[in-house]
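Chains as they are written, first to last, in the numbering used here: chain A, 2 to 103; chain B, 2 to 103; chain C, 721 to 847; chain D, 721 to 847; chain E, 19 to 148; chain F, 19 to 148.
Keep in mind the hints are simulated off the structure, nothing from the lab. One thing to keep in mind: the hints can contain errors.
Just the calculated beta-carbon pair ranges, DEER-fashion [said to hold, decoys possible]:
| id | chain 1 | residue 1 | chain 2 | residue 2 | range |
| --- | --- | --- | --- | --- | --- |
| 1 | C | Val824 | F | Arg126 | 41 to 51 Å |
| 2 | B | Ser53 | F | Arg126 | 40 to 50 Å |
| 3 | C | Glu786 | F | Lys115 | 47 to 57 Å |
| 4 | E | Arg126 | F | Asp112 | 23 to 33 Å |
| 5 | F | Asp74 | B | Glu48 | 33 to 43 Å |
| 6 | B | Ala43 | C | Gln840 | 29 to 39 Å |
| 7 | C | Gly832 | A | Ala73 | 48 to 58 Å |
| 8 | C | Glu814 | E | Asp141 | 52 to 62 Å |
Just so it is clear, CB atoms sit at the ideal spot from N, CA and C, and this is done for glycine as well.
For reference, the chains in residue letters:
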Amino acid sequence: MSTLNIVNKSPFEKRSLDQCLSRIGSDDAVLLIEDAVVVAMAGTRYESDLKSAAAAKKLYVLTPDVEARGLADKPVVEGFTQVDYKGFVALVTEHDRVHSWL
Amino acid sequence: MSTLNIVNKSPFEKRSLDQCLSRIGSDDAVLLIEDAVVVAMAGTRYESDLKSAAAAKKLYVLTPDVEARGLADKPVVEGFTQVDYKGFVALVTEHDRVHSWL
Amino acid sequence: MEEEYAGGVEKKFIYINRRAPHGTVYALESLETVLIGAAFDQDVSMLFIDDGVYQLKKDQSTDSIEFKNFSKAFRALEMYDVEKLFVEAESLQERGLSEDDLLVDVELVKRGEVKDLIDQQDVVLSF
Amino acid sequence: MEEEYAGGVEKKFIYINRRAPHGTVYALESLETVLIGAAFDQDVSMLFIDDGVYQLKKDQSTDSIEFKNFSKAFRALEMYDVEKLFVEAESLQERGLSEDDLLVDVELVKRGEVKDLIDQQDVVLSF
Amino acid sequence: MKFSILVNEGPYQHQASDSAYQFAKAALESGHEVQRVFFYHDGVNNGTNLTTPPQDDRHIQKRWSEMAESNKVDLVLCVAACQRRGIVDEGERDRNKKDATNVADGFRISGLGQLIEAAIESDRLVTFGD
Amino acid sequence: MKFSILVNEGPYQHQASDSAYQFAKAALESGHEVQRVFFYHDGVNNGTNLTTPPQDDRHIQKRWSEMAESNKVDLVLCVAACQRRGIVDEGERDRNKKDATNVADGFRISGLGQLIEAAIESDRLVTFGD
Chain A
2 MSTLNIVNKS
12 PFEKRSLDQC
22 LSRIGSDDAV
32 LLIEDAVVVA
42 MAGTRYESDL
52 KSAAAAKKLY
62 VLTPDVEARG
72 LADKPVVEGF
82 TQVDYKGFVA
92 LVTEHDRVHS
102 WL
Chain B
2 MSTLNIVNKS
12 PFEKRSLDQC
22 LSRIGSDDAV
32 LLIEDAVVVA
42 MAGTRYESDL
52 KSAAAAKKLY
62 VLTPDVEARG
72 LADKPVVEGF
82 TQVDYKGFVA
92 LVTEHDRVHS
102 WL
Chain C
721 MEEEYAGGVE
731 KKFIYINRRA
741 PHGTVYALES
751 LETVLIGAAF
761 DQDVSMLFID
771 DGVYQLKKDQ
781 STDSIEFKNF
791 SKAFRALEMY
801 DVEKLFVEAE
811 SLQERGLSED
821 DLLVDVELVK
831 RGEVKDLIDQ
841 QDVVLSF
Chain D
721 MEEEYAGGVE
731 KKFIYINRRA
741 PHGTVYALES
751 LETVLIGAAF
761 DQDVSMLFID
771 DGVYQLKKDQ
781 STDSIEFKNF
791 SKAFRALEMY
801 DVEKLFVEAE
811 SLQERGLSED
821 DLLVDVELVK
831 RGEVKDLIDQ
841 QDVVLSF
Chain E
19 MKFSILVNEG
29 PYQHQASDSA
39 YQFAKAALES
49 GHEVQRVFFY
59 HDGVNNGTNL
69 TTPPQDDRHI
79 QKRWSEMAES
89 NKVDLVLCVA
99 ACQRRGIVDE
109 GERDRNKKDA
119 TNVADGFRIS
129 GLGQLIEAAI
139 ESDRLVTFGD
Chain F
19 MKFSILVNEG
29 PYQHQASDSA
39 YQFAKAALES
49 GHEVQRVFFY
59 HDGVNNGTNL
69 TTPPQDDRHI
79 QKRWSEMAES
89 NKVDLVLCVA
99 ACQRRGIVDE
109 GERDRNKKDA
119 TNVADGFRIS
129 GLGQLIEAAI
139 ESDRLVTFGD
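Isolated chain A (complex conformation) (with noise of 0.2 Å):
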């Protein structure tokens, strides 16, 4: 049984990506939306982090998110995976439930 969690918001913002990841297991993931893409890229202060987290669980990042942002040109964070919202769709189906942290 796993979840696809959601997280909308930024972490430099709000806590809501490390509140998620705190209760989270291995099996979950997790896709960033909205203003929350803005750390899936490389070269933040929480690249480590996420990095870390990426060993740990599945992390998605929503594409057309990131190219609102201008922020294509940078490379994501090692370990995760970029979709569009069909790879959103997909992810909702392959999971058992979804959780929004919002």
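Fit chains B, C, D, E and F to the known structure of chain A by using the hints.
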């Protein structure tokens, strides 16, 4: 020249209080309102941070918002001053400008 | 008033409450949804983590901000057969709160047990 | 269209931008207010700190979320005599960004200088 | 699969309604069913027909209304949230003695039970908010 | 002193509009002037007359309208935000070919210039938001 800084979100949820404290001076004041008031109470994980901040800057907390959250039975962190809405108004008049950290 | 749901399906619902009361409307609405949802005879749990634990703080007094004090409604949940109220121990502790501060009886869970609780659910409603 | 303000008072305004673009409307609205405000002949500065620095990131492409790409309007600010764009160096650095990533020329300030900048202002508008 | 979607925020202020729409569109294009979109809290503000967004911007309400029509998606506005925020259909207008209605085509006002029902009947519920 | 107030959020969802109201009330009771309250972004949703909050809850729009009347406080809704969110007066109804108006007593719709003007003419501007 001094600024009244207003913070309205709990530091357990958002980083705005930290972001505010890192950029103001010893003549500036911070008023906690709405959900931010929770951190003015003694005993939280942030108590020692807030105590240090209170030693360097003037920290205030809005009593009606403390009461609404059922926290009037807890002591405030050392150095905090409680104000009501009229006290809030007075603080605005006593500083040169107001900066809301939204 | 909602009519009783005749679909015959029973799912496990968890309401996850992560915000302090009054600063936003979500705490109030979570309670409303649980009360309305009770008519559907589903398996309902409420989980309070992060600032959500403040929703259960005793002695909330909202007169001076002119809000409805809905916190007393938590005491009515039992009458609606909503009896599974989980509170994360670490969330209380980080905020200097204990079970004695809460206005209803709850079951404490550890942070490491939250995943197990969520794994048992069909539907997560986040407030 | 706003008429020119004939009050004769000149105040110092600072627009403080702390949020990433597109997730909320504030980045767009800050720019709108600055452009409208230009007609009032006030002294205007814009300060980008925290996630606000992402507002100035080059190459934003909003087609696939169907948003207006307003970021190009930052390049028009000069024509409105809005020339004081301050960006906090530490905010860039924590995000792995440099001046080369930004779509307009800005003046870098250090975190310790933000207070001095704000101390010079009459009005703070936070977005 | 059968999806339901919960939208907690109004149009333009937060990306929530946009994200929900793009998700719903992709779900339909992927051959899934979107049974219901439930608009709760400020989300009910998606359902007013009185908006006039700038010509060069997306028209959030119209997009939803068109999706409802082309794909038989059930768009439900929470009645209690509508009462607090001023979204009114004919029934609400008469009941609460208002002068106008403003609910847009394809949206209907109903109770929170519709959210619970959607969660029971759908395979997945996906929530978008602030 | 002369205050102006900026409200960025709608009623009921966030405490912002409540905090702004309580602040304005205390300012008036302390003998100050509240020149203008400017409602921006979702804040314009404070100015619809179509709300029917529960009987036992505060009526946020009415409180503002009453304050406008008793204390000559100028309540201004940002026109561009109104267009995006569906708050309409007679002029906007005619211009944008809408069927209804919903702006409440004591509120008027005007441009962002009114915010700048308020900031210039007031001694202090205080902002309430999310």
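(Q) Taking the Cβ atom of Ala43 of chain B and the Cβ atom of Gln840 of chain C, is their distance within the range 29 to 39 Å? (A) The hint (29 to 39 Å, Cβ to Cβ) holds, given that Ala43 of chain B and Gln840 of chain C are roughly 37 Å apart.
Q.
Quick check: does the Cβ-Cβ distance between Ser53 of chain B and Arg126 of chain F fall within 40 to 50 Å?
A. Holds - the Cβ-Cβ distance for Ser53 of chain B and Arg126 of chain F, about 47 Å, lies within 40 to 50 Å.
Q: Check the following: the C-beta atoms of Arg126 of chain E and Asp112 of chain F are separated by a distance inside 23 to 33 Å.
A: holds (29 Å)
Q. Can the suggested window of 52 to 62 Å be confirmed for the beta-carbon pair Glu814 of chain C and Asp141 of chain E?
A. violated (36 Å)
Q) Taking the beta carbons of Asp74 of chain F and Glu48 of chain B, is their distance inside 33 to 43 Å? A) holds (37 Å)
Q: Mind checking the hinted window 41 to 51 Å against the Cβ distance between Val824 of chain C and Arg126 of chain F?
A: holds (47 Å)
Q) Glu786 of chain C and Lys115 of chain F, beta-carbon distance inside 47 to 57 Å? A) Check failed, 39 Å falls outside 47 to 57 Å.
Q: Take a look at whether the Cβ-Cβ distance between Gly832 of chain C and Ala73 of chain A falls inside 48 to 58 Å.
A: violated (37 Å)
Comparing the model with each earlier hint shows violations of hints 3, 7 and 8; every other hint is respected.
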